[in-house]
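Chain X is fixed; fit chain U onto it per the hints.
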Amino acid sequence: MAVGSRTSELGAHRARATVSRAALALALGVVALVVMVAVALSAGQYPVTIGDLAALAWARVTGVAPVGVAPMVETIVLDVRAPRVLAALLVGAALAGSGAAYQTLFRNPLVSPDILGVSAGAALGAVLAIFLSLGIWAIQGFAFACGLLAVAAAYAIAASLRSHDPVLVLVLAGVVLGSLLGACVALIKYLADPYNQLPAITYWLLGSLAAATPGDVRASAAPVLIGLAALWLVRWRVNVLSLGDEEAAALGVAAGRVRALVIAAATLVTAAVVAISGIIGWIGLVVPHMARMLVGPDFRLLLPVSLLFGATFLLGVDTLARTAARIEIPLGVLTAFVGTPMFVWLLATARRHWQ
Amino acid sequence: MKLEARNLAFGYRGRPVGRDVSLVLEAGEVLCLLGPNGGGKTTLFRTLLGLLPAQGGEVRLGGEDIARLPRREIARRIAYVPQVHLGYFPFTVREVVLMGRTAHLARFASPARADHEAADAALARLGIAHLADAPYTQISGGERQLTLLARALAQAAPLIVMDEPTASLDFGNQARVLERIAELAAAGIGVLLSTHDPDQAFLLGDRVALLHGGRLAAIGAPQEVLTPDALRMLYGVDVTLARVAEDRTVCVPRLRRGRGAGTEPAAGGS
Numbered sequence: 052m053a054v055g056s057r058t059s060e061l062g063a064h065r066a067r068a069t070v071s072r073a074a075l076a077l078a079l080g081v082v083a084l085v086v087m088v089a090v091a092l093s094a095g096q097y098p099v100t101i102g103d104l105a106a107l108a109w110a111r112v113t114g115v116a117p118v119g120v121a122p123m124v125e126t127i128v129l130d131v132r133a134p135r136v137l138a139a140l141l142v143g144a145a146l147a148g149s150g151a152a153y154q155t156l157f158r159n160p161l162v163s164p165d166i167l168g169v170s171a172g173a174a175l176g177a178v179l180a181i182f183l184s185l186g187i188w189a190i191q192g193f194a195f196a197c198g199l200l201a202v203a204a205a206y207a208i209a210a211s212l213r214s215h216d217p218v219l220v221l222v223l224a225g226v227v228l229g230s231l232l233g234a235c236v237a238l239i240k241y242l243a244d245p246y247n248q249l250p251a252i253t254y255w256l257l258g259s260l261a262a263a264t265p266g267d268v269r270a271s272a273a274p275v276l277i278g279l280a281a282l283w284l285v286r287w288r289v290n291v292l293s294l295g296d297e298e299a300a301a302l303g304v305a306a307g308r309v310r311a312l313v314i315a316a317a318t319l320v321t322a323a324v325v326a327i328s329g330i331i332g333w334i335g336l337v338v339p340h341m342a343r344m345l346v347g348p349d350f351r352l353l354l355p356v357s358l359l360f361g362a363t364f365l366l367g368v369d370t371l372a373r374t375a376a377r378i379e380i381p382l383g384v385l386t387a388f389v390g391t392p393m394f395v396w397l398l399a400t401a402r403r404h405w406q
Numbered sequence: 006m007k008l009e010a011r012n013l014a015f016g017y018r019g020r021p022v023g024r025d026v027s028l029v030l031e032a033g034e035v036l037c038l039l040g041p042n043g044g045g046k047t048t049l050f051r052t053l054l055g056l057l058p059a060q061g062g063e064v065r066l067g068g069e070d071i072a073r074l075p076r077r078e079i080a081r082r083i084a085y086v087p088q089v090h091l092g093y094f095p096f097t098v099r100e101v102v103l104m105g106r107t108a109h110l111a112r113f114a115s116p117a118r119a120d121h122e123a124a125d126a127a128l129a130r131l132g133i134a135h136l137a138d139a140p141y142t143q144i145s146g147g148e149r150q151l152t153l154l155a156r157a158l159a160q161a162a163p164l165i166v167m168d169e170p171t172a173s174l175d176f177g178n179q180a181r182v183l184e185r186i187a188e189l190a191a192a193g194i195g196v197l198l199s200t201h202d203p204d205q206a207f208l209l210g211d212r213v214a215l216l217h218g219g220r221l222a223a224i225g226a227p228q229e230v231l232t233p234d235a236l237r238m239l240y241g242v243d244v245t246l247a248r249v250a251e252d253r254t255v256c257v258p259r260l261r262r263g264r265g266a267g268t269e270p271a272a273g274g275s
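Here the protein sequences line up with chains X and U, keeping their order.
Residues in the first sequence are numbered consecutively from 52, following my numbering.
Residues in the second sequence are numbered consecutively from 6, following my numbering.
In isolation and in its complexed conformation, chain X is listed as follows (with noise of 0.2 Å):
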């Protein structure tokens, strides 16, 4: 049949083209972030030289002292930038392959990590600490805590409602709680002294990296891991349970455990990488868009994608927040500015090649 050939004709072309899209854009992440990683540990105030780079990279490897390379080379790209490099990693990483999972989850693309409360509940935690004079520490335990607590508390009142539509009550749920936390930090704001208090407050809310230790990078690596471990079990559930509570169910699939496994695990992320950075919008909801916009919506390839690209964009824009200006540019603002032409691009672009 003439049909028939013409369909299988393109039924194969668009095989083709979807394994191939897939490794493409595999590749050219890892290209991208290698790349990435080279130009934010040369550039800055004290330029490092490729060279330089390269010979502190054998020297890392092969365990023998650097050669040629001045120590004070060997101290800004090791102690400083490095430091910096890897917390943009984790928390671009983070904050896309959690967005990754809720949006798959939710089965909404413009669904973002935080639409069950987290962001708004450690804001909240960390504004508070920073209210109450509280040191780092516990500015980021605080942040941490309330960003879980938040999410358990959304659970919670979705669970107690007990209505035919588990997922939309859940997102009620958490956009409703998300902004009675909105209030409370305004009204700390409000509160807080307006000399010490919020200026330290409104630097949090925008997210910044430069803060970010070889520690706290540590200690939310940690949390960070075992949530991404744990989506990555259940990948290929997360993909039937897209299709809905029902016909996942009838797939085989306990979904209500499932979805809680990935709520946890995604809050996990979400919150430990929050904890440290501030509050980075606009990751979490358009990398993963743009990934699927890219491999499709496969999860197993999704996640790895979103991760890779999310890490990719983050270190492109701290280290334009660094370098590009005199003071530094709060990340929060800079993602927005540099993400939304980038996105109305690959929405004008990507829609020719989908169709």
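Hints are computed from structural coordinates only; laboratory data are not their basis.
There may be inaccurate statements among the hints.
[What the hints assert, rightly or not] Pair ranges (Cβ atoms, derived):
{"id": "1", "chain 1": "U", "residue 1": "112", "chain 2": "X", "residue 2": "400", "range": "36 to 42 Å"}
{"id": "2", "chain 1": "U", "residue 1": "90", "chain 2": "X", "residue 2": "315", "range": "53 to 59 Å"}
{"id": "3", "chain 1": "X", "residue 1": "131", "chain 2": "U", "residue 2": "112", "range": "42 to 48 Å"}
{"id": "4", "chain 1": "X", "residue 1": "238", "chain 2": "U", "residue 2": "61", "range": "47 to 53 Å"}
{"id": "5", "chain 1": "U", "residue 1": "241", "chain 2": "X", "residue 2": "280", "range": "57 to 63 Å"}
{"id": "6", "chain 1": "X", "residue 1": "223", "chain 2": "U", "residue 2": "14", "range": "29 to 35 Å"}
[To be verified] To be clear about the criterion: a stretch of chain X counts as covered by chain U if any three or more of its residues have a C-beta under 8 Å from a C-beta of chain U, and this derived list gives those stretches:
{"id": "7", "region": "284-293"}
{"id": "8", "region": "338-351"}
[As the list claims (entries may be wrong)] Beyond 10 Å from chain X on every Cβ pair, some chain U residues (computed):
{"id": "9", "residue": "11"}
{"id": "10", "residue": "62"}
{"id": "11", "residue": "191"}
{"id": "12", "residue": "225"}
{"id": "13", "residue": "228"}
We treat Cβ as the ideally placed atom computed from N, Cα and C, and that holds for glycine.
For chain U alone, coordinates are given in the frame of chain X:
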């Protein structure tokens, strides 16, 4: 494998939909469920599949109470073909069919080569292998229905429940889907399907059940159950049954032109 409902009451808490439903579905037979719109066919199916708890009576699947079986075990015994939907994300047809293999995977596993082979075999069996890499969101309604049928086949369950598999399909696609369903039954799969069309029950059904007012008004062979009286009770219209071949009966509504057709009450008494 046998699906059995005993004095089943179904519906939601505080909103009962139907009761006293007893029926049996055996492997290799087609049981058609006929009933008016909003008559509770989908709710009954969801209860038979264990997706909704029974409000009374019980559902037994392979001799065991479905309420005590884990989801995975239920999915290995009975597959569900829901009403065609658009889908949310542009998964490929192959990925959608692969999801039918989920009940056969280990807890944290992804589909392996054997699962891909099962999915491809299901696609080939339904004649849509050429669509494997097309996005599910961009194929026609008939192709989507065949994709969901292929997913049920890949699930390798001995029983399949189909919710209005021909609704919203054009004439040709309806015939093609019905043809495939007949083939499945001939291959030993037990099929329970709901339909609006009495002709399909004549065409496919080994047995027909009529759901009216939340109860089974009748269940049995199509020739015995689908009488003009029964159809008038079910749909509130007068029909003529006509034999068009030695083994084919069709059902034609009688229109009462110019006399306010369709305004009669459901019971049709005037």
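Here is what the structure says about each hint:
1. Residue 112 of chain U and residue 400 of chain X have their C-beta atoms about 40 Å apart, which keeps the hinted 36 to 42 Å range intact.
2. For residue 90 of chain U paired with residue 315 of chain X, a C-beta distance near 28 Å fails the hint of 53 to 59 Å.
3. Between residue 131 of chain X and residue 112 of chain U the beta carbons are some 45 Å apart, a value that agrees with the proposed interval 42 to 48 Å.
4. The hinted range of 47 to 53 Å is satisfied by residue 238 of chain X and residue 61 of chain U, whose Cβ atoms lie roughly 52 Å apart.
5. The hinted range of 57 to 63 Å is satisfied by residue 241 of chain U and residue 280 of chain X, whose Cβ atoms lie roughly 59 Å apart.
6. Distance hint check for residue 223 of chain X and residue 14 of chain U: the Cβ-Cβ separation is about 31 Å, which falls inside the suggested range of 29 to 35 Å.
7. With 8 residues carrying a beta carbon less than 8 Å from a beta carbon of chain U, the region 284-293 of chain X meets the three-residue requirement, and the given coverage holds.
8. Counting residues of the region 338-351 of chain X whose beta-carbon sits less than 8 Å from any beta-carbon of chain U gives 5, enough to reach three: the coverage restraint holds.
9. No Cβ of chain X approaches the Cβ of residue 11 of chain U within 10 Å, the least distance being about 22 Å, so the stated non-interface status holds.
10. Residue-level check passed: residue 62 of chain U sits 21 Å from the nearest beta carbon of chain X, beyond 10 Å.
11. With a minimum CB-CB distance of about 24 Å to chain X, residue 191 of chain U clears the 10 Å threshold, and the non-interface call stands.
12. No Cβ of chain X comes within 10 Å of the Cβ of residue 225 of chain U; the nearest lies about 28 Å off, and the non-interface call holds.
13. Residue-level check passed: residue 228 of chain U sits 33 Å from the nearest beta carbon of chain X, beyond 10 Å.
Hint 2 alone, counting from the list given before, is not met by this structure.
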